[in-house]
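Residue numbers (the numbering used here), protein chains in the order written: chain A, 3 to 470; chain B, 867 to 1105; chain C, 2 to 240.
Careful, some of the hints might be misleading.
[Claimed, not checked] Derived lysine-lysine pairs resembling DSS-like cross-links, with alpha carbons at most 25 Å apart:
1. C:Lys25 to C:Lys199
2. C:Lys181 to A:Lys392
3. A:Lys107 to A:Lys128
4. C:Lys228 to A:Lys445
5. A:Lys40 to B:Lys916
6. A:Lys464 to C:Lys28
7. B:Lys1022 to B:Lys1083
8. B:Lys1087 to A:Lys191
9. C:Lys181 to A:Lys395
10. A:Lys412 to C:Lys106
11. B:Lys1022 to A:Lys171
12. A:Lys121 to A:Lys11
13. C:Lys25 to C:Lys122
14. A:Lys16 to C:Lys181
15. C:Lys228 to C:Lys199
16. B:Lys1087 to A:Lys40
17. A:Lys233 to A:Lys107
18. A:Lys455 to C:Lys25
19. A:Lys462 to C:Lys228
20. B:Lys1083 to A:Lys191
21. A:Lys455 to C:Lys122
22. A:Lys455 to C:Lys29
23. A:Lys395 to A:Lys429
24. B:Lys1083 to A:Lys16
25. C:Lys122 to C:Lys3
26. A:Lys462 to C:Lys25
27. A:Lys233 to B:Lys1022
28. A:Lys40 to B:Lys1083
29. C:Lys181 to A:Lys11
30. A:Lys464 to C:Lys3
31. A:Lys455 to C:Lys228
32. C:Lys228 to C:Lys25
33. C:Lys29 to A:Lys464
34. C:Lys122 to A:Lys412
35. A:Lys191 to A:Lys121
36. A:Lys429 to A:Lys455
37. A:Lys233 to A:Lys279
38. C:Lys29 to A:Lys462
Since the hints were derived computationally from the structure, they do not count as laboratory data.
So the chains spell out like this:
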Amino acid sequence: MERTPSDFKTSSAKNIANSRLRETFHSATRHALEQRLKSIHQVPEWEQLREKGHQIKKEVINQLDFYLEQLESNILNNGGQVFWARDADEASNYILRLCRRLNAKNVVKSKSMTTEEIKLASTLEKQGIEPIETDLGEFIIQLANETPSHIIAPALHMTRQQIGALFNKTFNIPYTEIPEELCAFARGKLRQKFLSTKLGISGVNFAAADTGTIVVVENEGNARMCTNLPKVHVAIMGLEKVIPRFEDLSIFLKLLSRSATGQKQTSYVSMINGPRKVEDLDGPEEFHLVILDNGRTEILSNPKLRESLFCIRCGACLNTCPVYQRVGGHSYGSTYSGPIGSVLTPLLQGLDTAKDLPYASSLCGACSNICPVKIDVHHQLLWLREQVVKQHKSSWQERLAMHCYTSIMKDVRLYRLGSFFLRNLLKIFYKKGQNLNVPGWSKDRDFPPIAAKTFKELWKEKTQQKTT
Amino acid sequence: MNASRTEILGRIRRSLDGLNRQQAPTKSDSSKFLFASDFVDLSRIAQRFKVESNCVGGETEICPNIDSVFQFIKSLIRDSGYKNIAVSNHNICVDNQIIQKLSVDLPEITFFNENNESGDHLQHSSNTHRLAQTDLSITGVDCLIADSGTIILTSKPEASRQISLLPTAHLAIASINQIYPNLSTALEYLQSTWATDHYPTAITLITGPSRTADIEKVLIKGAHGPVRQLALLIEDEIR
Amino acid sequence: MKVSLFIPCLVDQFFPSVGMNLFKILKKIGLSVNYPLEQTCCGQPAFNGGYHADACELAQRFLEIFGNSEYIVTPSGSCASMVKIFYPEILDHSTYKEPLQEITKNIFEFSDFLVNIIGVKDLGVTFPHRVTYHDACHLLRELQIHQAPRELIKNIQGIELVEMEESETCCGFGGMFSVKFPEISIAMAEDKSSAITKTGADYVIANDSSCLMQIGGYLSRHNIPIKPLHLADLLGENL
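Using the sequences plus the hints, can you model the full thing?
This is how it looks when you write it as structure tokens:
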């Protein structure tokens, strides 16, 4: 089912009412937070590390053109190829052309939010090319014809029973819900594909400009398979993923693995410098890097929102967000969910579809607090709300109410008058000390009665008492 | 697609126009990246590696000498019922005649040596399919990282990428002199050994066996990569 | 030392005792306190809604009213942070440079003011009850105030402070969020209520009336006999 960001209100309400889903997300995110906390306690200098990460990202964004050109130059020197894609179609079509040249009937791909963003799988499928998801979670949701519900754990919303039934139905194997058995089956099934496919596609976690090194981080080994075994490897990267220097990796790998999964280091980190050399025993003959814009330069052009490009896609803000914890990833109806998703989706897809997302937050700031590169995520949401209003996308009723509110608050006489009328109006409908009935509020919560006297009135009485 | 490139770079420059754009230093002092918690007691660096590796599901043993390495490997093969073993051409394997000596002691086991001259090296090479059927691979390492239990391997004539990826189990043999305290120092060491424009095409950091928690957050070893990740650290001075 | 009271509109209309008790506390410690009658609202509802132009108008008005105050004290972390953190973001720096510098330096949430500026932690209050404390988000994360309220609570005679699990998790108010996304807001209140109930406390204390309105509203609707209490009320009523 194709959900969009404009479905957030209904989608989230539905997911909250589903107690199993709610409990799944809440306990999974809580667990992830515990693991993260354990691992960062081992690094007393964590705050300094975050600051360092923030400064390096700022450095890069400040000179993004320089670093991208440097990256490109070094990849070309390494024997690789670089393709710049303005949008999703350009990126997908480049990969499609590669498939055609290779006469590839299928491709193996490792987990990449960027490929989700450009809807690569459906583009390939429409042209008769089978895109095979190899990350276990992605493999599962591909079979289920679903979208990821979390940046790090795509199949978080599914139970082992659901997965067992899915495998049983799709592959005609005896039903099992034992995770180890399901994983072993997927291992065998996918291994055949790894060994026979001509084209492997991966995302990019970081790209070091000074050496032309692409870095892919994972736990399963499927990314190593996709980037080592096929004849051609294509890596697709949002243009903000570049970092200045190879040695900066020691900062970012630490920040990413601890924030994402509470690990000191993920099982595998692949650092790739172009296609195989003559003296290598194996490796792809061709390496392609696709540098994707798809709206990122638009984000760059807004100084207040530029910081959202620092994101290293760790998922920590999702885990800590009390909204995400309760509604899950699908409610957002887009590739990127949670707090950072509420910033990126309106920027990448436009405010018309996604104008609710910046408001789907109590602005508690837990996201900014946890971000390993110190993005002020919740402040970004405030600037986006400003955009919604400036572009006249809020309702006329809300604008009118706000105008009235401001007019009243600008003039203390109007304020006192308004206060007087409000009290007398409420007296008609409510007894003294009775809770008010407020739409949207009072369904499940009591709203306090209005005070018999305002502070201003009490203050006046008190100061008059003093003088008399 | 030069048009796209020009357009994207143009957009970037226009977006950043007016900013005080300072070029960042080309080389950082990596010691600035090191914090107190990065430091490792060098006198116990092997023990630290072992603890960290075993913590993440790896299996590391410290061996006093090369003889004990052989003993361990033979027991491992027998106990695990491994039948097909691949060995790389890292110096530590070649100089200690790993494949030759094991072949003699374990005649019933099939040993396969990755060799530049054997087979072709295209994607469907017999090496790939053979390694996919292999129970255990034995390689050297480029270096190790103590504070995370990480093995670093790079692509080179002595070893393929796939030899540490495809087999069911991977065993890395190293001297304790190859252990570095943390990621920063390990990367710094490696960079010093590579010419500026000639980095290995694949640098792989391996920390424990392959794993996943994608099904209900249940931790499972052996998703796609090796199910077992072993390491033997030799205390003796070896070649 | 002259203190000007800044009383949020919510407190003025619904919880005036919070303001009166704050006044009482400040007088008890011997401060000279005034209340600029012209004040209405800091503009946060407009700002949070995205109506930054409206918020600017109210911010400018606030600067005029409080511009000459030596200290401005308010019983709300969210209102204090609106002035301290967000006024510099929305007001033009060239026009308002000095007033902004002054006001952001002089405005304080009341527990921060008592403990960190005046240095008073013990007001000689007795309150022999078990209580728990909820960290209001703006107070905690915008103003970085975590200890000051706890210091004031711990110095109350006879009180027993039991920390709840996840005291730092948002209660779900968030201004218009609470009515725009009521299902999510209520779910958050439900979990907060559950954490509070587990402590066995008779009272839940917080420094923001909006949080107490949300938490209290949920507790009373579900007949949970735990009373919401603003720290200013707790101290002021029992001086």
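Lys1087 (chain B) paired with Lys191 (chain A) [C-alpha distance capped at 25 Å]: holds, 17 Å
Does Lys29 (chain C) pair with Lys462 (chain A) here, judged by a C-alpha cut-off of 25 Å? holds, 19 Å
Given the hint that Lys233 (chain A) pairs with Lys1022 (chain B), does the C-alpha gap stay at or below 25 Å? holds, 18 Å
For Lys412 (chain A) and Lys106 (chain C), compute the direct alpha-carbon distance and say whether it is at most 25 Å. holds, 24 Å
Please verify whether Lys228 (chain C) and Lys199 (chain C) have alpha carbons no more than 25 Å apart. Given pair Lys228 (chain C), Lys199 (chain C) holds - Cα atoms ~14 Å apart, limit 25 Å.
Need the status of pair Lys40 (chain A), Lys916 (chain B): alpha-carbon distance at most 25 Å? holds, 20 Å
Mind checking the alpha carbons of Lys122 (chain C) and Lys412 (chain A) for me, to see if they're no more than 25 Å apart? Violated, at roughly 37 Å.
Next pair to validate is Lys121 (chain A) with Lys11 (chain A); report whether the Cα-Cα distance is within 25 Å. Measuring from Cα to Cα gives roughly 24 Å; hence the hint holds.
Can you confirm whether the C-alpha distance between Lys228 (chain C) and Lys445 (chain A) stays at or below 25 Å? The hint holds at about 20 Å.
Straight-line alpha-carbon gap Lys1083 (chain B) to Lys16 (chain A), limit 25 Å: Holds - the C-alpha atoms of Lys16 (chain A) and Lys1083 (chain B) are around 24 Å apart, at most 25 Å.
Could you grab the alpha-carbon distance between Lys107 (chain A) and Lys128 (chain A) and see if it respects the 25 Å cut-off? The hint holds at about 12 Å.
Take the C-alpha atoms of Lys181 (chain C) and Lys11 (chain A), compute the straight-line distance between them, and say whether it is at most 25 Å. Roughly 9 Å between the alpha carbons, so the hint for Lys181 (chain C) and Lys11 (chain A) holds.
The structure fails hints 1, 7, 11, 19, 21, 23, 34 (numbered hints given earlier, in ascending order).
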